[in-house]
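Chemist: Here the structure of chain A is known, so what remains is to put chains B, C and D in place on it, guided by the hints.
Number of protein chains: 4
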Amino acid sequence: MTITPPALSVFETLESEVRSYCRGWPAVFDRAQGARLTDEDGHTYLDFFAGAGSLNYGHNNPVLKRALIDYIERDGITHGLDMATTAKRAFLDTFQNVVLRPRDLPYKVMFPGPTGTNAVEAALKLARKVKGRESVVSFTNAFHGMSLGSLAVTGNAFKRAGAGIPLVHGTPMPFDNYFDGQVPDFLWFERLLEDQGSGLNHPAAVIVETVQGEGGINVARAEWLRALQDLCHRQDMLLIVDDIQMGCGRTGGFFSFEEAGITPDIVTLSKSISGYGLPMSLCLFKPELDVWEPGEHNGTFRGNNPAFVTAAAALDAYWADGQMEKQTLARGEQIEQTMLAICGEHDSARFRGRGLVWGLEFDDPARASAVCARAFQLGLLLETSGPQSEVVKLLPPLTITPEELDEGLRTLARAVRETA
Amino acid sequence: MTITPPALSVFETLESEVRSYCRGWPAVFDRAQGARLTDEDGHTYLDFFAGAGSLNYGHNNPVLKRALIDYIERDGITHGLDMATTAKRAFLDTFQNVVLRPRDLPYKVMFPGPTGTNAVEAALKLARKVKGRESVVSFTNAFHGMSLGSLAVTGNAFKRAGAGIPLVHGTPMPFDNYFDGQVPDFLWFERLLEDQGSGLNHPAAVIVETVQGEGGINVARAEWLRALQDLCHRQDMLLIVDDIQMGCGRTGGFFSFEEAGITPDIVTLSKSISGYGLPMSLCLFKPELDVWEPGEHNGTFRGNNPAFVTAAAALDAYWADGQMEKQTLARGEQIEQTMLAICGEHDSARFRGRGLVWGLEFDDPARASAVCARAFQLGLLLETSGPQSEVVKLLPPLTITPEELDEGLRTLARAVRETA
Amino acid sequence: MTITPPALSVFETLESEVRSYCRGWPAVFDRAQGARLTDEDGHTYLDFFAGAGSLNYGHNNPVLKRALIDYIERDGITHGLDMATTAKRAFLDTFQNVVLRPRDLPYKVMFPGPTGTNAVEAALKLARKVKGRESVVSFTNAFHGMSLGSLAVTGNAFKRAGAGIPLVHGTPMPFDNYFDGQVPDFLWFERLLEDQGSGLNHPAAVIVETVQGEGGINVARAEWLRALQDLCHRQDMLLIVDDIQMGCGRTGGFFSFEEAGITPDIVTLSKSISGYGLPMSLCLFKPELDVWEPGEHNGTFRGNNPAFVTAAAALDAYWADGQMEKQTLARGEQIEQTMLAICGEHDSARFRGRGLVWGLEFDDPARASAVCARAFQLGLLLETSGPQSEVVKLLPPLTITPEELDEGLRTLARAVRETA
Amino acid sequence: MTITPPALSVFETLESEVRSYCRGWPAVFDRAQGARLTDEDGHTYLDFFAGAGSLNYGHNNPVLKRALIDYIERDGITHGLDMATTAKRAFLDTFQNVVLRPRDLPYKVMFPGPTGTNAVEAALKLARKVKGRESVVSFTNAFHGMSLGSLAVTGNAFKRAGAGIPLVHGTPMPFDNYFDGQVPDFLWFERLLEDQGSGLNHPAAVIVETVQGEGGINVARAEWLRALQDLCHRQDMLLIVDDIQMGCGRTGGFFSFEEAGITPDIVTLSKSISGYGLPMSLCLFKPELDVWEPGEHNGTFRGNNPAFVTAAAALDAYWADGQMEKQTLARGEQIEQTMLAICGEHDSARFRGRGLVWGLEFDDPARASAVCARAFQLGLLLETSGPQSEVVKLLPPLTITPEELDEGLRTLARAVRETA
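Chains A, B, C and D, in that order, are what the protein sequence lines are. Numbering of the first sequence is given in UniProt numbering, commencing with residue 1 and proceeding in unit increments. Numbering of the second sequence is given in UniProt numbering, commencing with residue 1 and proceeding in unit increments. Numbering of the third sequence is given in UniProt numbering, commencing with residue 1 and proceeding in unit increments. Numbering of the fourth sequence is given in UniProt numbering, commencing with residue 1 and proceeding in unit increments.
Hints are supplied without guarantee of correctness; some may be wrong.
[What the hints assert, rightly or not] A few chain D residues that face chain A, going by a derived Cβ cut-off under 10 Å, partial list only:
1) Ala152
2) Gly155
3) Pro172
4) Asn177
5) Tyr178
6) Phe179
7) Gly181
8) Pro184
9) Phe186
10) Ser198
11) Leu200
12) Gly215
[To be verified] Simulated pairs of lysine to aspartate or glutamate, DMTMM-like, Cα-Cα distance not exceeding 25 Å:
13) D/Lys65 x D/Glu390
14) A/Lys286 x B/Glu259
15) A/Lys129 x A/Glu296
16) B/Lys65 x A/Asp75
17) D/Lys286 x C/Glu12
18) A/Lys286 x A/Glu259
19) A/Lys65 x B/Glu17
20) A/Lys65 x B/Asp30
21) D/Lys326 x D/Glu194
22) A/Lys65 x A/Glu40
23) A/Lys108 x B/Glu259
24) B/Lys326 x B/Glu259
25) C/Lys129 x A/Asp236
26) D/Lys131 x C/Glu17
27) D/Lys65 x C/Glu17
28) C/Lys65 x D/Glu40
Hints in this document: simulated from the structure, not taken from any laboratory. All residues carry an ideal CB built from backbone N, CA and C; glycine is no exception.
Looking at chain A on its own, in the form it has when it is part of the complex (with noise of 0.2 Å):
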């Protein structure tokens, strides 16, 4: 495939120099269905990224679109803020039918604003309010956003410096495997916690990714999860799983900490809980965690309705029966054997992951970007993550076909091969 340079100037002298994604991909994208972009200039590209996340059920679904189309002709509200909606109720309705009670999970659906960051902080909110206290554990190598309250549990040195005011009331602790199993896990969190003199102030919550994705696809095994949640109670802290990017689906059950066994306190979704790539989040807890006084967090995009239909059609679509999470386990198995593969080959390089997210680092952080680059060429969009973006990210559609997927693998396998 040849790419001739595209019309990109009002990007390059009106949009701030913080854009990112447009200067590894440079394309003006058209339109897209499933897991295939066009560009304008009539290139298509398949899809190994999915919106970070939050086109688990691929570009422009035809079930969501069709409801979507239907919801705006027939005048449906648009923008509600809190107000109750017949879209709303549906919305809640379903996701309490489809997702909390098969999994008799006890939840509060608390609608913070649309977007993950927003999710995030109203659940730093709420365990600091409940808790009585300042201070909230996160890992190392989290991403759990980009305002303020959010970034002070982000791992990213980068990201951090953007704070411009120093980021406190977070303290990390390593994530699973951080010492390649040498130290006994929580070795040290829970020395901290029982000792009185250890320094730490007592925290609030523990705020956690099963699987981190911006920070290298580093998968918590489920042992740990459980751990984690012991030493919670034991030491009356709240547990938060920021399921932002791994929930939906994303790791084969709904929510990625199902598989684990465990019930965390407050749950964050965003990404693709909408199913359409539009902007909505949730923050849900446990009912006797719901302290909040009417209106004590709110925002002006929280009753984003269109995105409610969509959510509710993709649960409906997806979700009221096993399917989908079969079918991301076989898509997760044919990913792993590819890895095996490439890392058969490749020394340099070593694979991890879980259901339809992997990674692939590359002892030379260079290497991985170079991939990407070359996959780019060769029609296929694949990111970088870790903190020396060093993991090349696969995150296809759920809703990706084998052949699709097979395609994909072969043009990153090729990717490799070209950049050693």
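Modeler: Quick look at chains B, C and D alone, frame taken from chain A:
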């Protein structure tokens, strides 16, 4: 109008106690057009609230609706992070040609995430980075958002308490007319800045709303805004105008600060920028301030392309000439006449406003709530604002017809009378 | 007087650049008595500085000296932490009988460490603990100390910058007469407290000096102090009077706040409390505030017993009757006459003061430094204060004779004339 | 020995509840000599506490006493701020000749105020200023002082809670042997520093005690200290050794870090530096770090000249040759023998120590308190330390005779036996 109890049970059992609007307006809204909403029982409501300023062009504006459906039908990119897309390019071109260039505004454009608080967080980060200082000055009764960075410069004690941590790095200064003219403008602020012994941490920036909406419809005079800009220049502080609620024509001109003839260093826009109630926000700043590194601030939904489509359509339809501004000012005069009449009859009421944002303040805060409650019974949506909810806030769509406006104002006058 | 260059080399090579007084007074002092110091070359200096208020009874006061030597000779406890000692008991008994009981002051006594900043840190800790709030209000041009807690409520920008972290949890309010009477007292402060939308974190306490020494000899009026106390009561804030420099008789009465007839909730004392220039400080508070746990605040040198001995001797010698207060006020009048004369001759000078603390302010800050430099050449020790060092500060020992005072004042007048 | 109830009433009624030592030692002490105190009833106590390390040369050491009385008799300057005085010059000369030069230490000397916490506050300010970063790493069970800057790097949860504000900008790391050797030294710390995604704010400095006194007599190995110094160099962090309790010969050499062969960037000294229990402290730092502006840090009692006199006398008397160090190590061995014997008899006890600082830890924390209480009844002053007060701390004067030491150790052994 008689309201039968709506089917609210799922909201009451499943949704968090934090919900607020649905408490004051016990109806389940189903669809909407222009300045009218309809609930599931077929009752209609005239809207003097407009999505808290997010629906300046009315609900489901037909021009924008057509553009939106066309875009969805043709599988335009929905979710784009900050990838270049044809929809984003069209928006940028239109924003430059219709908004920035005619006003001779030199701004770079940043997409900081789709909500107002994302834009404020980005503005504060940038100001702190540029100046290398942590402190920011805000004003009494300011409202800038609910994430921790924005909340620290927000005045409301109830909202602030929700933070769960001490909110620091922000210092309040008196908004225009805070002392009813008995103290010279900026006497306190300027003296603190000039006095090397004052104890004020020198601020990186000042953040201000030209009209405080949540704070009680407090209208800054043009000369006060100009003096503030002068003070910022003299004292090496950046001037941030938060135009999230008052921009996009709410006060007449596209930006609320145009009338004062100032050029803020940084401007935030959100709410009505998409025109259709879809989540979208912008952070604008002078080019010399564009010191962001690529990706230093990011966010999953900063490329909400359907919103770009309706935003461009709204700019084309309403801002290509000066008609909208004239019409808004004319409608504003219509409101002012009614306000004069109401306050003439009721000693305990005062009013203030500009363009199509007006406030009716009562000596007894409970009266304002009573007026809104009665108005709801009479089919008019109105909310209160101000630190004690003592102000009835009028925020009708800019596209409301004179007849609708008249109808709503008559209902308001009746509600005032009937709560006397 | 001619000064030959002193042997300063070890100070210049070994001592840190942070040293300050030795730069303005290039002499090596050797011994001192009453209001006079003598350098190693035999030159004498009249002291209008008194150890920055630590030597109210003059250098090496013979009464105190006798008690001190006796105590050392008999091997009295020198270092006692907070062990009970006979010296400490004698001090406590004397303090109660001579100071607290005659003034009907109900205070408990805490020994927070031997320096002023230890006492301020303890006062702030206690206020925050009692009220459960973090924020403290201080005043423009306040000086409370150099450790981080005290520095956060200190006004001077140069000192604050030394912290190396953003100083938060403190908010400055205008000191008495900050706007030359054109703004009603506490207008701004009270309005912020009453307005639930002001953005001011409700303070645990207010900390104030009745006369700001470092801040430029700013004298609060008695009615302002009373109004401040009223405001604190109405708004549930503790009133802390920092009497470190102005207590122990500097303004006439033993406590500087006696004249106003107020009873602060917490009082800090240091500087002249030992009477001999030995490190000692006290934190006094109403008994109902004594919620400290044993050892919750501590410090190695909080039991400096030689200081207790001289402190008790000083109280016995000078405060058993009302003579000291009368004498101080008389000496103050002597100063005031000279000040009137100086300012009558020099339009560019203004003065203010109370008791035996006076300031002579010049339009041109450099003039104040020049006056002090010239005075030094003429054998008089004087330092500047104020945010721009624009005020010549007079702080002679309270025990200075009228003749010595007259001599010093004549020297001052000459220095003013000769720097015109 | 029988103790009749002492006359404690004024302490109980007038002094704050914060008092602590006087609770455990219900006696009113009157005078002291060498290693013995005498109360007002004539009972004598052997001192294994030494003013918490402030009386390394014993109470009222005759050599120092002579120098002190001579100085007072001749009206030497008592209070000097940072004026040049002959006493200060003599101290500086002696400190350079006896302490710094023979050890080849390049330090500049700062007088930051007379207490340990003043010195720590100055050290932290300087480190932050030099590096332009806010964060400082301290260690588990560290103790650095009670003012807010020092408290933020102190481990004890009870002391920290007294702050009344969240203590931030400090992060604890595991002290040597925190995990009984099962985790490689600095594994966690170094990994956090190297990982750009760890979430650790890069520290300006590390502050460490070579032996943690309050923390429970935790002795860092020389190789751990050397590795810490290496880590600081590699990671651009300043190394601050807080030698307030362990310096001045407590562990053998004048500085406790000499044995490890390291040269910290900044050193704090206090407690025994004056030698006589008089308040004095020093902050030492490499000359290239001396970026202070004149007066940027100050304090009223930083020129406590009587303390300079005794300090110089102590250095002359005890540190002109290597005798003191040898004697301390010999006395230490004497203690170690007893400790071995005690722990041989009592399974529930362990000991650790260095020089003349030793700790005897019990499985049951209450036992340690019981031992100290019984020792007091037997005429021996001993206090506990450690996060749960589980360690009996031995801190006798360095000048104690072998016979006195033996007497005390026998009393200790008896107290241990009698509390079994």
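Chemist: Against this structure, judge whether each hint is valid.
Modeler: Each hint, compared with the structure:
For D/Ala152, the interface hint holds, the least distance from its beta-carbon to any beta-carbon of chain A being 9 Å, beneath 10 Å. The interface hint given for D/Gly155 holds, since its Cβ lies 4 Å from the closest Cβ of chain A, which is under the 10 Å cut-off. Annotation: D/Pro172 was flagged as interfacial toward chain A, and the flag holds, the nearest CB pair being 4 Å apart, inside 10 Å. At about 12 Å, the closest approach between the beta carbon of D/Asn177 and any beta carbon in chain A exceeds 10 Å, and the interface hint on this residue is violated.
At its closest, the beta carbon of D/Tyr178 sits 7 Å from a beta carbon of chain A; the interface hint therefore holds under the 10 Å criterion. Interface hint status for D/Phe179: upheld, as the beta-carbon distance to the closest one in chain A is roughly 7 Å, under 10 Å. Interface restraint check: D/Gly181 against chain A, minimum CB-CB distance 13 Å, threshold 10 Å, status violated. Residue-level restraint check for D/Pro184 holds (minimum Cβ-Cβ distance to chain A is 8 Å; threshold 10 Å).
For D/Phe186, the suggested interface contact is broken, since its CB lies about 12 Å from the closest CB of chain A, more than 10 Å. Below 10 Å, beta-carbon pairs count as interface contacts, and D/Ser198 has one with chain A at about 5 Å; its hint therefore holds. Annotation: interface hint on D/Leu200 holds; nearest CB of chain A at approximately 6 Å, less than 10 Å. Because the smallest distance between the Cβ of D/Gly215 and any Cβ of chain A comes to about 6 Å, under 10 Å, the interface hint for this residue holds.
Restraint check for D/Lys65 and D/Glu390: the C-alpha separation of about 36 Å exceeds 25 Å, so the hint is violated. Taken as a hint, the A/Lys286 and B/Glu259 pair is broken in the structure, with Cα atoms around 50 Å apart against an allowance of 25 Å. Annotation: proposed proximity of A/Lys129 to A/Glu296 holds, straight-line Cα distance about 11 Å (limit 25 Å). At most 25 Å may separate the alpha-carbon atoms for a hinted pair to count; B/Lys65 and A/Asp75 meet this at roughly 9 Å.
Among the hinted pairs, D/Lys286 with C/Glu12 is consistent with the structure: their alpha-carbon atoms are about 15 Å apart, no more than 25 Å. For the given pair, A/Lys286 sits about 19 Å from A/Glu259 by alpha-carbon distance, which is consistent with the 25 Å threshold. Distance check on the hinted pair: A/Lys65 and B/Glu17 sit about 32 Å apart at the alpha-carbon level, beyond 25 Å; violated. Between the alpha carbons of A/Lys65 and B/Asp30 the distance comes to roughly 19 Å, so the proposed pair stays at or under 25 Å and holds.
Between D/Lys326 and D/Glu194 the alpha-carbon distance is near 42 Å, which puts this suggested pair outside the 25 Å criterion. With a C-alpha separation of about 22 Å, the suggested pair A/Lys65 and A/Glu40 falls inside the 25 Å cut-off, and the hint holds. With a CA separation close to 46 Å, the supplied pair A/Lys108 and B/Glu259 exceeds the 25 Å bound. This hinted pair checks out: B/Lys326 and B/Glu259 have alpha carbons roughly 13 Å apart, not beyond 25 Å.
About 23 Å separates the Cα atoms of C/Lys129 and A/Asp236, which keeps this hinted pair within 25 Å; it holds. Restraint check for D/Lys131 and C/Glu17: satisfied, since their Cα atoms lie roughly 18 Å apart, inside the 25 Å limit. Distance hint between D/Lys65 and C/Glu17 is unfulfilled; the C-alpha atoms sit about 32 Å from each other, more than 25 Å. For a cut-off of 25 Å, the pair hint linking C/Lys65 to D/Glu40 stands: about 24 Å separates their Cα positions.
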